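Add chains D and S to chain B, keeping to what the hints say.
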Amino acid sequence: MSIDIEKSLKELAALGVDMYHKDFLLTWEKSDKELKAVFTIAELLKEMHAKNIDTSMFRTGLAVSNFRDNSTRTRFSFASACNLLGLAVQDLDEGKSQIAHGETVRETANMISFLTEVVGIRDDMFIGKGHTYQKEVADALDDGFKQGVLNQRPAVVNLQCDLDHPTQTMADMLFIKNHFGGFENLKGKKIAMTWAYSPSYGKPLSVPQGVITLMTRYGMNVELAYPKGYDLQPETMKIAEKHAKASGGSFKVSNSMESAFKDADIVYPKSWGSFQVMERRTALLEKGDHPGLKELEKECLAENAKHMDWECNDKMMALTKGGEALYQHCLPADITDVSCKHGEVSAKVFEKYRIATYKEAGFKPFVIAAMITACTKKNPAQVLGDLYKAAQKRVL
Amino acid sequence: MSIDIEKSLKELAALGVDMYHKDFLLTWEKSDKELKAVFTIAELLKEMHAKNIDTSMFRTGLAVSNFRDNSTRTRFSFASACNLLGLAVQDLDEGKSQIAHGETVRETANMISFLTEVVGIRDDMFIGKGHTYQKEVADALDDGFKQGVLNQRPAVVNLQCDLDHPTQTMADMLFIKNHFGGFENLKGKKIAMTWAYSPSYGKPLSVPQGVITLMTRYGMNVELAYPKGYDLQPETMKIAEKHAKASGGSFKVSNSMESAFKDADIVYPKSWGSFQVMERRTALLEKGDHPGLKELEKECLAENAKHMDWECNDKMMALTKGGEALYQHCLPADITDVSCKHGEVSAKVFEKYRIATYKEAGFKPFVIAAMITACTKKNPAQVLGDLYKAAQKRVL
Amino acid sequence: MSIDIEKSLKELAALGVDMYHKDFLLTWEKSDKELKAVFTIAELLKEMHAKNIDTSMFRTGLAVSNFRDNSTRTRFSFASACNLLGLAVQDLDEGKSQIAHGETVRETANMISFLTEVVGIRDDMFIGKGHTYQKEVADALDDGFKQGVLNQRPAVVNLQCDLDHPTQTMADMLFIKNHFGGFENLKGKKIAMTWAYSPSYGKPLSVPQGVITLMTRYGMNVELAYPKGYDLQPETMKIAEKHAKASGGSFKVSNSMESAFKDADIVYPKSWGSFQVMERRTALLEKGDHPGLKELEKECLAENAKHMDWECNDKMMALTKGGEALYQHCLPADITDVSCKHGEVSAKVFEKYRIATYKEAGFKPFVIAAMITACTKKNPAQVLGDLYKAAQKRVL
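Residue numbers (numbering that gives the first Met the number 0), protein chains in the order written: chain B, 0 to 395; chain D, 0 to 395; chain S, 0 to 395.
Accuracy of the hints is not assured; some may be wrong.
Claimed, not checked - Output of the computed footprint for chain B on chain D, the stretches with three or more beta carbons under 8 Å from beta carbons of chain B:
1) 43-57
2) 63-76
3) 326-338
4) 360-371
5) 380-394
As the list claims (entries may be wrong) - In silico DSSO-like pairs for lysine-lysine, Cα to Cα no more than 27 Å straight-line:
6) D:Lys377 <-> S:Lys50
7) B:Lys388 <-> B:Lys6
8) S:Lys351 <-> D:Lys134
9) S:Lys21 <-> S:Lys9
10) B:Lys202 <-> B:Lys305
11) S:Lys376 <-> B:Lys388
12) S:Lys50 <-> D:Lys376
13) D:Lys388 <-> S:Lys392
14) D:Lys50 <-> B:Lys388
15) S:Lys351 <-> S:Lys202
16) B:Lys392 <-> D:Lys392
17) D:Lys388 <-> B:Lys376
18) D:Lys9 <-> D:Lys35
19) D:Lys50 <-> B:Lys145
20) B:Lys351 <-> S:Lys145
21) S:Lys21 <-> B:Lys50
22) D:Lys237 <-> B:Lys377
23) D:Lys351 <-> B:Lys134
24) S:Lys134 <-> B:Lys347
25) S:Lys392 <-> D:Lys9
26) D:Lys286 <-> S:Lys21
27) D:Lys320 <-> D:Lys351
28) B:Lys35 <-> B:Lys376
29) B:Lys305 <-> B:Lys293
30) B:Lys286 <-> D:Lys293
Think of the hints as simulated: they come from the structure by calculation, not from any bench.
For clarity, every value in this text was computed on a predicted model and none was experimentally measured.
Glycine included, C-beta positions come from ideal geometry on N, C-alpha and C.
Next comes chain B alone, as it looks inside the complex:
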């Protein structure tokens, strides 16, 4: 997985992309070259870390994290990424803030940003709200910077919203790119993004939506499969279709896990709540209607229970290419007989790919660090090249 640093630096410079003072919110807002730049920076940072080269490109500066939902993995990925670049994380705990109330988003966005270089936001609970909120923060920062309130324009990084989960899917992509030996080798590969049974309900849509919109850009044959009723947000389906057409890949939707797994090179079985359910849930959450939420949960779990056969197990895996498709998951997975009685994946299949999923997750801090680098540096290739040449030891 080790890369040639000097070659990558040249490739990065040759891309000539300019993401300075922009944000990273949705992968489909980014050009292919921009994504390539972020992937390249991520690999450079990972390699330099492995080689014990200091990559702290900030001597001081704050990184604000704003988690509107519990998080361990993303929290540590963000903290790791920021630390790797020399930034100090300060958490915006909304229990102690007014950022959620209408007017004050634009105010609080500025109040927390006087010496801030990046704002990472996770807001995936409310359909139609998460991305909107992130945009609102970004607009407020644009205004603050333009008006001279802020000396610098902090980058906003989407750590998961209702639409997309770019730090996850780009880590997934970097992993399979490395697994298959390059982006060009992904052309024609089949990936099955499928729903899977879980004893909980209402898991976010951002991962499947992020996967179908991203993987279709690389000439892959993406099959999305889920039981009837577990639809994704329509706009993301349209983007996936458009991407598939443009890249020479394909995008197919079915209601059969077997169909999706058939001859797949990669499988990504994962539970989610349907778009319709999530919309109802959003409305109930906003009203604080706890009996209604309880009722919805009951109804959904009953519906879920009809699809317990959507499990990634030996029988399913046998359908894949040579019975040896690569299993992916954003973790934590619901593992049958381990973390629950019936889950998304059998213990045997998970164990076979456990270390692979850990390595997949291991790309995430570097992807986040790459997004920050791309959005806060006029010339990332120059900055990284200087750090590489300086070759300061990260650890004495």
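For chains D and S alone, coordinates are given in the frame of chain B:
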């Protein structure tokens, strides 16, 4: 707003003040020269930040924050300030500590300070307690340093107490100093520090008390106005009178918002609870008397409601000098029809000065960093001069 | 207390110990030389800190703290230690994590460690669980490093478990070593590790267990005394016996505070819950049996109340060598008439040794930093020597 760094460094050196191993608790304990030094350091740090010059004067060291009341703005200002100087913030969460119980203040103060350079404390809920607590911590640190428990004497910085809010009022002051083009231009200017209606009650007294005691030192004509019964702590009124006399300014108290706004150059309309109410509230909070607190709130809100006309709106602003007084607020403001039905300020007036209030707030991190610099360095001008000459890039 | 840095560096190099990629969980798993190395590094770091020499041996890197019990002192000691070396602390808050649930320990351990250099864990509530959990994390990290999931193997540092509290007892030891002028002067000294009355119950066993197992290694005469029924875990008693035999010291157990204090050079009176009580408590906690816990507390407090005479006061101290034994405590102590009505120590005795106990605690951050240094560096003497020669100012 940009300054001449070399000139400011010379002025700072010429002041020849020595605040090393002292604390920053109340502005009125500081000499004019000491305040000047802190203002000058704040401007130097702000300018060096704008010029991308690294100002981290600590390679390692902890900054302890102790918030005994919720806070977003001050929390981020403190975190930003400490980070700008190279310190790492560690929060003292009293839910997990015994620092509140009598005897152990002196013990805990030492236990958290073995490698600590600054302790920032916000304690504004209890009349007669906040400043006393900060002094107690400071005395414990003096003792620990003298006895050889601590290698260094951490500075205590008042992030708001029952008496004063120096990081806020000095940020306010730096803003108007820059707005009017220098301290000397403030002489003879009229500032109206007035109560204003808010749908909540019991807001701290520290801002109005801090404003009247500080602004009177610069030859300004300060008019404090509030409805009958909304008194401040008497000792701060006396200090304001003394300062006004010494500086050639004036300090007037009235019960009319109109009177205060008349021909004012600056207006600072803001809600607060009366001294008497705050004393009753302190007693009830200490007893944990929730029904009593509920009763007091009801009573106070009823009293507040009689003064709904204390709103900063077009009509009021028309009374000010040329109808164009500068509006100030420590934020967040209660804005009529935006954050509440009736508030301290109309949406139209607030919007006109919104960016100005953001810029006002933008001085706070640098004021805090300046206080830390002044109290932890034998020769701040030398240290800042060395950093300026080294001219390390803060961001690569 | 100041040391000769160059001499210490040579001694450290001469020890030739290799703790690289190991953990620091239990002192009795470490050789005498390994302990000596950690003590020497701690003194070197303390002296370099006092001399304002930068010791940040990490330019970037995370330090994960995992407190499964409330903590102020240890939290700040760990934060201070990590900051001193250049690491940034990220707290793993299990309210927001799944690390506690069976399977996922190994997963979460890896997920939080991609850019992590040390994981500090406090888990002292559950007999038979704390150390086991720390081992489980360590094993998961071993596996992750071996499998290429992690670029580096983070060290696990025991910040208190059910068996041992090495960061505390090694700080205690460094203090008495300095107090008596060297390890060799401890030979033949008598230390009384005794139970003492407290109005609370169920305090951890790790301190007395850690003290008897560690102090017996230095030729000291250790007398452990407690009322009948307040037994420690048997395995730690056996280790203490073995150590005493090997070092030429002695290990005696009695049920008399007077016997232990008789001619003692050092006394360490401290409350703890008995092993049997702690086992019952563990079972009740696991079942979430709150009435059972209430019942157990009542029973234990009644038992405790029979031993109110186990107080360290003038009368007891008069029994010690020349009436002038050194008093030690891990803090906070339950002080009669100060923090409670009847406690572990009289106000007069505590006040006499108060500053001494603060200085004792002052070694802890440096002990933790030394453990991290020892476990993450192939050649700590080289690294520290280089930092000493570079002589960068920690504070400008």
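Inset, instruction - Below or equal to 27 Å on CA atoms is what counts here, so check D:Lys237 against B:Lys377. - result: violated (55 Å)
Inset, instruction - Quickly compare the C-alpha distance for D:Lys50 and B:Lys145 to 27 Å and report which way the hint goes. - result: holds (17 Å)
Inset, instruction - Could you grab the alpha-carbon distance between B:Lys392 and D:Lys392 and see if it respects the 27 Å cut-off? - result: Roughly 19 Å separates the two Cα atoms, so the pair holds.
Legend entry - Straight-line alpha-carbon gap S:Lys351 to D:Lys134, limit 27 Å: holds (24 Å)
Legend entry - Per-stretch coverage check for the stretch 380-394 of chain D, three Cβ contacts closer than 8 Å to chain B: holds (count 4)
Legend entry - Pairwise hint evaluation, D:Lys35 against D:Lys9, where the allowed Cα distance is 27 Å at most: Between D:Lys9 and D:Lys35 the Cα gap is close to 13 Å, so the pair holds against 27 Å.
Inset, instruction - Quickly compare the C-alpha distance for D:Lys388 and S:Lys392 to 27 Å and report which way the hint goes. - result: holds (17 Å)
Legend entry - 8 Å C-beta test of the stretch 63-76 of chain D against chain B, three or more residues: holds (count 7)
Inset, instruction - Decide if the proposed pair is consistent with the structure: D:Lys320 and D:Lys351, CA atoms, cutoff 27 Å inclusive. - result: OK: D:Lys320 and D:Lys351 at ~16 Å, within 27 Å.
Legend entry - B:Lys351 paired with S:Lys145 [C-alpha distance capped at 27 Å]: Distance of about 16 Å is within 27 Å: holds.
Inset, instruction - Decide if the proposed pair is consistent with the structure: S:Lys376 and B:Lys388, CA atoms, cutoff 27 Å inclusive. - result: holds (24 Å)
Inset, instruction - For the pair we were handed, S:Lys134 and B:Lys347, check the Cα-Cα distance against 27 Å. - result: Holds, at roughly 25 Å.
In summary, the numbered hints that this structure violates are 22, 26.
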